[in-house]
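Protein chains: 2
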Amino acid sequence: MKTMRTKGRTRLFPTADEAEMAFYDAFERCDIAAMMTVWTESDSVVCVHPGGPRLVGFEAVRDSWVQIFAGAPQLRVRTVDVQRFDEQGVAVHSVIEEVSPRGQQAPVGQVYATNVYELTDGGWRMVIHHATPAPEATHQDEPPAPTHTLH
Amino acid sequence: MKTMRTKGRTRLFPTADEAEMAFYDAFERCDIAAMMTVWTESDSVVCVHPGGPRLVGFEAVRDSWVQIFAGAPQLRVRTVDVQRFDEQGVAVHSVIEEVSPRGQQAPVGQVYATNVYELTDGGWRMVIHHATPAPEATHQDEPPAPTHTLH
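Quick mapping for you: the protein sequence lines, in order, are chains A and B.
Using the numbering used here, the final residue of the first sequence is 151, and nothing's skipped along the way.
Using the numbering used here, the final residue of the second sequence is 151, and nothing's skipped along the way.
Calculated directly from the structure, the hints in this document are not laboratory data.
Fair warning: there could be bad hints in the mix.
What the hints assert, rightly or not - If you want the footprint, here are the derived chain A segments under chain B, 3+ residues with CB under 8 Å: (1) 49–57; (2) 89–101; (3) 121–135.
What the hints assert, rightly or not - If we take Cβ atoms under 7 Å as the criterion, some of the chain B residues that face chain A in the derived model are: (4) Ser42; (5) Ser44; (6) Pro53; (7) Arg54; (8) Ala70; (9) Gln74; (10) Val80; (11) Val82; (12) Gln83; (13) Gly89; (14) Val90; (15) Val92; (16) Tyr112; (17) Thr114; (18) Glu118.
Keep in mind that this is a model prediction, so the values were computed, not measured.
Cβ coordinates follow ideal geometry from the N, Cα and C atoms, glycine included.
Start from the sequences and build out the full structure, keeping to the hints where you can.
Right under this line is the structure:
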């Protein structure tokens, strides 16, 4: 499962939006080669899955997706309420992921994700995916309800 | 508590690092004026406190800090293992926050934060603070242990 089709590395994403589309498409299809094509091949990329540890480096990030895809989650992800901070070399998208089982329209949960892309010689690539489970049944205009006292 | 000293708005942060230092300094001192000086005054800024909802817009973010500071948490925050993606107009820092009660050296908890800054006419300002409680007793080389099945 650890081999990667090298042809994947040659694909280019001319915009951060296209990299983001490829990211969620690979996620829905559980396609590890397509997923890792989205990421910059660097020791400094960061991935935090919902409730998981902070993974640093391409290898650690790849291993985590291999493990997640091994469970073959049949999920659809729709991103809504995107807040963008895009500049010349870095693009940051804060999104709400609405996650639903495949074949079901209504989302079963929301995840807040901060996705960061950088412009490389190989086009736009993901360098950070930081995902957090949304608290149950909250609305944006409610006060925050931290689960512990660290903030 | 909703008024803000306008003089705060005139302070400049010549680098994203200085904005970040000011952010954690304001947090430790529970200083709402200093905290909001760090943020871009925009409807599109995003803040996710650990376990809390996703807040969008300067007012919502300010209200959340007012509420947090009202509890006057006596905390020290040290940031470690910073991964930086800094470009001309946007800087992204992925950090581990080691949080400890004031007067105590040993951290009582870790928070993963993705901090995003943009270069404005008023210097570098924060536009995203996305914070996630670290799972208990994990290490970076362990596989991720998501708390639910959304990823």
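Mind listing which of the numbered hints don't hold for this structure, in increasing order? 4, 8, 9, 10, 11
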